[in-house]
Amino acid sequence: MDWSALGLHGHAWADIGRLALHFTMLSAMAIGGVLATASDMHRLLVIELGWITDSAFTSSVALAQAAPGPNVLFVPLLGWNIAGLAGMAAALAGIMIPSSLLAFAVGRYHRKRPGSGVIRSLTSGLAPLTLGLLLSTGWVLMTPTRQDWRALLLVLLTVGALLRFKISPMWLIALGAAAGMAGWV
Amino acid sequence: MSEVEIGKAGPRPASLGEVFLAFTRMALQGFGGVLPIAHRELVERLRWLDAAQFVEVLALSQVLPGPNVVNLAIILGDRWFGWRGSLAAAGGLLAFPFIIVMALGIAFRQFGGHPLALGALRGLGVVAAGLVISTALKLARTLKEIPLGLLVGAPLALATAVLVGLLHLPLLWVLLGLGAFSVGATALARRRREGR
Numbered sequence: 001m002d003w004s005a006l007g008l009h010g011h012a013w014a015d016i017g018r019l020a021l022h023f024t025m026l027s028a029m030a031i032g033g034v035l036a037t038a039s040d041m042h043r044l045l046v047i048e049l050g051w052i053t054d055s056a057f058t059s060s061v062a063l064a065q066a067a068p069g070p071n072v073l074f075v076p077l078l079g080w081n082i083a084g085l086a087g088m089a090a091a092l093a094g095i096m097i098p099s100s101l102l103a104f105a106v107g108r109y110h111r112k113r114p115g116s117g118v119i120r121s122l123t124s125g126l127a128p129l130t131l132g133l134l135l136s137t138g139w140v141l142m143t144p145t146r147q148d149w150r151a152l153l154l155v156l157l158t159v160g161a162l163l164r165f166k167i168s169p170m171w172l173i174a175l176g177a178a179a180g181m182a183g184w185v
Numbered sequence: 001m002s003e004v005e006i007g008k009a010g011p012r013p014a015s016l017g018e019v020f021l022a023f024t025r026m027a028l029q030g031f032g033g034v035l036p037i038a039h040r041e042l043v044e045r046l047r048w049l050d051a052a053q054f055v056e057v058l059a060l061s062q063v064l065p066g067p068n069v070v071n072l073a074i075i076l077g078d079r080w081f082g083w084r085g086s087l088a089a090a091g092g093l094l095a096f097p098f099i100i101v102m103a104l105g106i107a108f109r110q111f112g113g114h115p116l117a118l119g120a121l122r123g124l125g126v127v128a129a130g131l132v133i134s135t136a137l138k139l140a141r142t143l144k145e146i147p148l149g150l151l152v153g154a155p156l157a158l159a160t161a162v163l164v165g166l167l168h169l170p171l172l173w174v175l176l177g178l179g180a181f182s183v184g185a186t187a188l189a190r191r192r193r194e195g196r
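Top to bottom, those sequences are chains S and V. Okay, so the first sequence: first residue is 1 according to my numbering, each after it adds one. Okay, so the second sequence: first residue is 1 according to my numbering, each after it adds one.
It is worth saying that the hints were derived from the structure and are not from the lab. Worth double-checking, as some hints may not be accurate.
Stated by the list, open to error - Label pairs and their in silico Cβ distance ranges:
#	chain 1	residue 1	chain 2	residue 2	range
1	S	G117	V	G113	53 to 63 Å
2	S	W13	V	A107	20 to 30 Å
3	S	A174	V	R192	46 to 56 Å
4	V	F111	S	G117	51 to 61 Å
5	V	L137	S	R120	17 to 27 Å
6	V	A51	S	G160	28 to 38 Å
7	S	M170	V	P115	20 to 30 Å
8	V	H114	S	W149	22 to 32 Å
The beta carbon of each residue, even a glycine, is placed where N, CA and C say it ideally should be.
The following block holds chain V by itself, in its conformation from the complex (with noise of 0.2 Å):
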């Protein structure tokens, strides 16, 4: 894997100023989610990482806590430019996007109580609740491939939506608890596998 050699050959960025403009272009047009613009614009656009290379970054931005899509950019920017790319990369992400959600923020307070407005955000809120569940089903197609199998896989995720959904157990308990046995399972799974 020539994961090590990011930005050491090939098209790379010029300046912390790139880095800063080619994310924030990602961000604004991420509506419901940046990751697959990302792709686009950073492996087919800007030709920054090949894919593999972004696969491998991604894989780790996800399995890390925290906004998947912030990780990555902290990650890359870090290769690219040290802690300063890091920050000018995530920093692009965030900054006008977060003005645009606090003005949106402010602007339906001011007419919070307009019918109109009232309205526009329940029907948002439909949406949103939607969008969530067409993640989650999208990463259900994936359980058949996990070292732990659909059978294991399908039970465990549905028990951690009825214990935090709707027993509102604090997400904590669940993911030590759970979380530390899927894992394990995982981990004991895949030794057996690659034993034989």
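Isolated chain S, as found in the complex (with noise of 0.2 Å):
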């Protein structure tokens, strides 16, 4: 056991609250779940610091939708493998507690006065960017491999698989770590 990986990775305690701050932020502006921020935190954490490789924000993504559970989690997974423990926490209170406190509030409110038209307002005009982002945020985690054409070819095949037919998403993950140890893309 490697036990550096605890460590902050030469990352001063300035740069963990930067993390923890930046995680606040997007967890308030998370409309339509936390993968649809993920573009803005590759452009924090990849393209302005540099924190963190495009291969391995990637990857950090990857493994948290390989894993059964909320998809949130590559959000501690990021934090760990850009400034371990401290920045795992860091990040993981950030993106979590802000939307957590909402949510409990609101749904409070929401259950004396159901139905309010606001609520309608924001979750249908909110669509189409929630559909933007999530489009971009699938654009990002194409950049290690867009350069690839078969490894465009898998992207559409998960993506006609997914839509033409009711498949697990567990079997195209299952096929996508396979064609990736053969060497396929």
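Two chains, two frames, a set of hints: combine them into the complex.
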């Protein structure tokens, strides 16, 4: 076991604070789920700060997708890959706390006044943006493999299979891992 | 809508432990998304709420920022057992999957240099992109039904994708600009439609 993985990987505590702050902000903006904000995480962490590589970014999302459970768990893994335990805790707390408190408060309010028109305007008004954000996340996740036509083919196959047939994503995840190990993509 | 009555009549969880276990069970079955499983478990198997109640809480969870299924757990847990119920439900959803994801992450880091591990990660990344894109395209089918319609909705979606994905604009600006416009226009369109 390499215990140095627990450490800050050369980051200062101010960096941990910055990580926590950015994820806190994104938590409040994560309309349509946390994956919709992955492009913005990529913008800051890969493009602007260079704290994590393209392939490590995509791998973190991919591993969380391959494991059972909510997709949001790619966030603590990103934090872990950037700055060990402290990074993991900062990222997890940041992404979870604001949205959870809001959900709790709005859930209680809604129980007293169900069927408010504001909620419906928000839901259908933000639907196009959510769609755009998810497309952009897909594009960002393809960054390490975008030059490879076989990878593009596998993306198309995945999308086609999921839209056409009622197939469990688990099979496609297994196919992806196998194709990667065989060196096809 | 009998939404206020969740947990008041019919079957409901007997204890916090039962809530925790139910959500753990759900999470561990959810590969590539837990929401479809949540419906099957909560509505069909446990019958802790009916389909209409589920849809109502789901809509709320989806419009709120943050992980949708965690929001759903927090709202439902609260209806059954107050804030402790929220903690039990969200905790059940996250605890074991968190351990699994971190273990996978650490294992891949240990064997990170191995070509097989690298290959598997590369392949998983490609499929992950496909999963997200297919979720987006499923959402595209619903654009016909929103008040703004496909003619406004599709360009808005495309503009969002380009601004965030290609031009790397901060999400905050896009939400404040396009998001505010879209929600405002939707509210207007709904009012006009209901006015007639």
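Assuming the hint says 28 to 38 Å, is it satisfied by the Cβ distance from V/A51 to S/G160 or not? Since V/A51 and S/G160 have Cβ atoms about 30 Å apart, the given range 28 to 38 Å holds.
Take the C-beta atom of S/G117 and the C-beta atom of V/G113, compute their distance, and say whether it sits inside 53 to 63 Å. Given range 53 to 63 Å: holds, Cβ gap about 56 Å.
V/L137 and S/R120, beta-carbon distance inside 17 to 27 Å? 23 Å, holds
Supplied distance hint 20 to 30 Å, evaluated on CB atoms of S/W13 and V/A107: Hint holds: Cβ distance 28 Å, inside 20 to 30 Å.
Cβ separation of V/H114 and S/W149, checked against the hinted range 22 to 32 Å: Once the Cβ atoms are compared, 25 Å apart, the range 22 to 32 Å for S/W149 and V/H114 holds.
Does the beta carbon distance between V/F111 and S/G117 stay inside 51 to 61 Å, or does it fall outside? 54 Å, holds
Starting from the hint 46 to 56 Å, judge whether the C-beta atoms of S/A174 and V/R192 obey it. 50 Å, holds
Beta-carbon spacing of S/M170 to V/P115 - inside the hinted bounds 20 to 30 Å or not: Hint holds: Cβ distance 24 Å, inside 20 to 30 Å.
Against the hints set out earlier in the document, no violation occurs for any number.
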